[in-house]
Structure formats: structure tokens, C-alpha cells
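Q: Since the structure of chain A is provided, determine the placement of chain B on it from the hints.
In order, the protein sequences belong to chains A and B.
Quick note on my numbering: the first sequence kicks off at 7 and runs consecutively.
Quick note on my numbering: the second sequence kicks off at 6 and runs consecutively.
Worth double-checking, as some hints may not be accurate.
To be verified - With a cut-off of at most 20 Å between alpha-carbon atoms, the simulated SDA-like pairs for lysine to any residue come out as follows:
(1) B:142 to A:265
(2) B:142 to A:221
(3) B:142 to B:108
(4) B:142 to A:220
(5) B:142 to B:90
Think of the hints as simulated: they come from the structure by calculation, not from any bench.
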Amino acid sequence: MVAATPPTIEAADPPERPVAPRRAGRRWAAVAVVAVAVAWSISGLEVTMDRLLGAPGDAWDVFRRMVPPAFGEAIDRGVPGKVLESVHIAWIGTLIGAVLSLPLAFLAAGNVAPLWIRTPVRQLFNVIRAVPELILAVILIPITGLGPWAGALAIGVHSVGTLGKWATEAIEGVDPGPLEAVAATGGRWVSGMRWGVLPQVLPVVTSQWLFRFEINVRASAVLGMIGAGGVGSELVSQLVFRNFPAVGAVLAMTIVVVLAIDTASAAVRRRIIRGAVPGAGDDDADRNAAVLADLTGIRTP
Amino acid sequence: MAAALVVAYTVMAGRTVGFDLSTFWQVWSNPLWEKFWPVPWDWVLDRHNVLDPLVETFQIAIVATLIGCGLALPVAFAMSPLTAPNRVVLVVSRSIMNVVRAVPDLFWAKLLVTAVGIGAFAGSWALSVFSLAVMVKLFSETVDGADPRPLEAARAAGGRHMPVVRTGVLPTVLPEYVAYGLYVFELNIRASVVLGLVGAGGIGRVVEAQRQYFRFDRVLGVLVLVFVVVFVIEQVSVAVRKRLV
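If we strip away everything but chain A, and leave its shape as in the complex, we get (with noise of 0.2 Å):
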């Protein structure tokens, strides 16, 4: 399309002079603010020459021993049942916060809720996301006790922020025909929500929902290591002891789960979103360039 067009030549007026760049100076200064604090910050980490030039000598070192993984010793110890009861923690963490997060998201969103009610749950959905699965835990476990459940109620309590913060923003992009088609037959703001907007945003809602499990299968395998069930005890109590080739198995076999999950649940969301709007899916890169927009704030062109 564009070849065919023939280039037009605009000769009318005199180009201007582009006008001389004026931030070299803010630029530097901002490379000198970085300099000072990371000068400030290894001063502050008791860091010797001979420290940091043996660290990367150390870390190959226990790389090293990992191979080859004792896969035998670690299937003995149960390590694959750990690793499941990790995908099981992630799996009904995030059902806890997909049920917590989507009513709230309505009364979130812009569109759908008034102002009053809005800005108190999307203050809360800030606050818990502001508050990482672990230190949940930490203050969890002395209520239910150490175990897998303790595990499950923080990555649901703390996935409550993202999916409640994505929910809504699924939400306040919908379509305002199929809402006022409801309020004009007369039905009540419940109707409208799970007959106006819900048939709209599930699809979306649903992959943000697997995304966020893929998120959630790798915090609970850290959350195993305070205690809370899982995959994470066993790598703390093979370094303990030293054991590096079991210490092998478990990473490995940690890797192979979270890529399996990774992929899988990626194709089921590509499946979801095609389904959804045809043609809209296609491209995954769009999906993902959607939810990294979501993600960070920043929005590439």
C-alpha cells in the first residue's frame, strides 16, 4: 500500500532549523545522581575486592556440584509430590483471589460504580498489592498453622490486588450498548452487571486469571521455604545439609514444571482471547503487549 503511493516531494517551504538539544545537562546530572548512590550503596554492603572477585567463582562452584542431579535420591524423598503440592497451592490460591477480586472489581471500576465506594476498594486493592505473599505468610502461619493452607490464603489474599486491578480495567473497557439495553427494560444495577457487562469481560477476565496463576506457581514454591507447604522446604533442607545433587533434582524439577504451566496456560489463553473477538488474539504479542502495558505503566508503540 504504501509503495504504490508515489512520494510527493514538498518543496514549498525551507526546512526548519531543528532546534539543538538542551538536556545534555539534566542528562548528566542524572547519571551523577546514579553514581553517587550506587557509590553510597557498596559502601554499604561490605563488599572487599576479595569478596567480589571470588563470588562468581563460588557460584560456579555450587552450580557444578549440582551436576549430575541425584533424580533417584530426590523422587525417594517425595520431591515430585512437593513440587504438585506447589502447583495445587498456586491453583486454589488464585481461585481465592479470582472469587474475592471480581465483585470488588465492579464496585471499582469507573464506569459502573459511583465515586464514593470506588476510591476506598481501589485503595485497598493498592495496599494489598503493595504487600508481597511472603510476609503475608509470616503473618498468617501463627494463625493457621505452618502448612499448604497458610500458603494457599496469602497468594489468595495478595493476588486479590493485581487480578481486582486488571478486572477493573477490563471492565471500564466494555462496550455501554448491552448496559443501557438493561437499565432501559428496567432491570435492576445487579442485572446490568451479570447480564451487561460479565458476558463481556469474562474472556479477558479469565486469561488474567491464568496469568496470574503462572505468576502464583512460582511465589509458592518460595513460599515453601518459611513453611507454608511446598517444593521451597525441600530446596532449603538439601542446602542445609549440603546435598547438592538432590539440591539439582529439585531446581530441575521445579524448571520443568513452571515451563510446562508457563506454556500451557499461555496456549489456553491465546485459545480464550481468539475465541473471544475474532481476530483480535492472533497475535499473542499484542496480548502481551497488553498486559505489560498493564503491568508497568508504560505503553510502547
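A: Chain B alone, transformed into the frame defined by chain A:
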């Protein structure tokens, strides 16, 4: 069929996890809550108890952001079909980064604590690996989407690979690079709070120690202080990012 499978799996997972709705109301009547109150503010605001480890947390985050993002620049270029020097580098770097990303962040921390010893030094390295993984994921997509025309022009003029990438792609993606760097810094500030739970230095080590003494009032005070400070830093960083892009 699929729905039935999902429901069956959910029931099975719920059983394994010990799903128990009664926790939700038992939480409120739990006598342990009294241990969270009152918060000993003069202990929390003491320099040696809390403020020094908090400063250490931010130092870890700053160093890790710089190392991770610095390494991410060449790795992201190696991972994009647009700028990879050849196919082998592309495939190898993508596979390695996929595996690195599949290892949860605190697993890295624990491994490095074992390798180089307990403390902030291990934490900085662990967080550097984490920043590298996140930054490469974010930034390589920007590189993928960069305008290929300056690159083609530089190639057509006979440039070698490195100068072509530096002059053809780097200037167009630099603003996003800085913005993502700030975003990774925010993530690192949050992540460095929990590093101490596995012995990798920072404020988490105070939380872990007090938790083991069952001083939940102190834990709560530390957490409140941390989240106020983290919130302020995030707001500043978000404001800077908005002006950049």
C-alpha cells in the same frame, strides 16, 4: 468435559491444600492477634534495630538494579531477531533466559547465600539475577518492536554488527530502557524486603529474627514502616517514569 476436569482438579487440590473456610472467621477470634498489639514504636524507630537494615535493603536494591539492567542491555539485544548477531546466539540466549526466569527469585537468593555466605552481598547478587530476568523480558519486547529502518540503513551503508546496533537501534529504545530500569528498581525495592527471610540481608532479617521470638508486635511495626517508605519511593519513581515516556 473440560469444566468437569477443572472442577475435579480443584476439589483434589483443595483437599491437598487443606482448604478450610472456617479459617476466615476463626482468624478474627484468634488469641494470637493480641500479640500484634500494641506496636513498640520506640523500638521500631531505633537506628540499630530497624533503620540500618532498612538502609541496607535500599542499598541492595540500587546495586542490583544497576548490575541487572546493565547486563540486560547486551542480553536483550542478543535475544531479539532484529539485533542478534546470528541464529545460534539468539536461540542459546533465549533458552538460557527462559530457564533463569523459571527459577523463583528467592530460590536464587537461597542458592547464592549457600555459595557466597549469608548477608547483603549474596542478596545483591540474587536480586541482580532477578532484575536481569525481568529486565530482559520487558526490554527485549521493546527491541523486537523497534523501527527496523535505521538499522537497515546502517547495514546498507556497510556497518559492522556492533556499530549498526548501537547507532541504528539503541537511540530509539533508550527512553524505554530507562523507564523499565526504574520500574525494575521499584520491583527490587519490594523484593529486597523479603530477601532477609532466607538470610540474604536487609530488613527481612529483622522480620525473620523477631518472628522467631514471637514478637509479632515488632514485626507489625517494622512492616508498617517499610510499606510507608516503599510507597513513597514508588510514587517518586512512577512520577519520574511518566515524564520519561
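Q: All hints are to be evaluated individually against the structure, with a verdict given for each.
A: Verification of the hints:
1. B:142 to A:265: holds (15 Å)
2. B:142 to A:221: holds (14 Å)
3. B:142 to B:108: holds (14 Å)
4. B:142 to A:220: holds (15 Å)
5. B:142 to B:90: Judged against 20 Å, a Cα distance of about 19 Å means the pair holds.
Comparing the model with each earlier hint shows no violations; every hint is respected.
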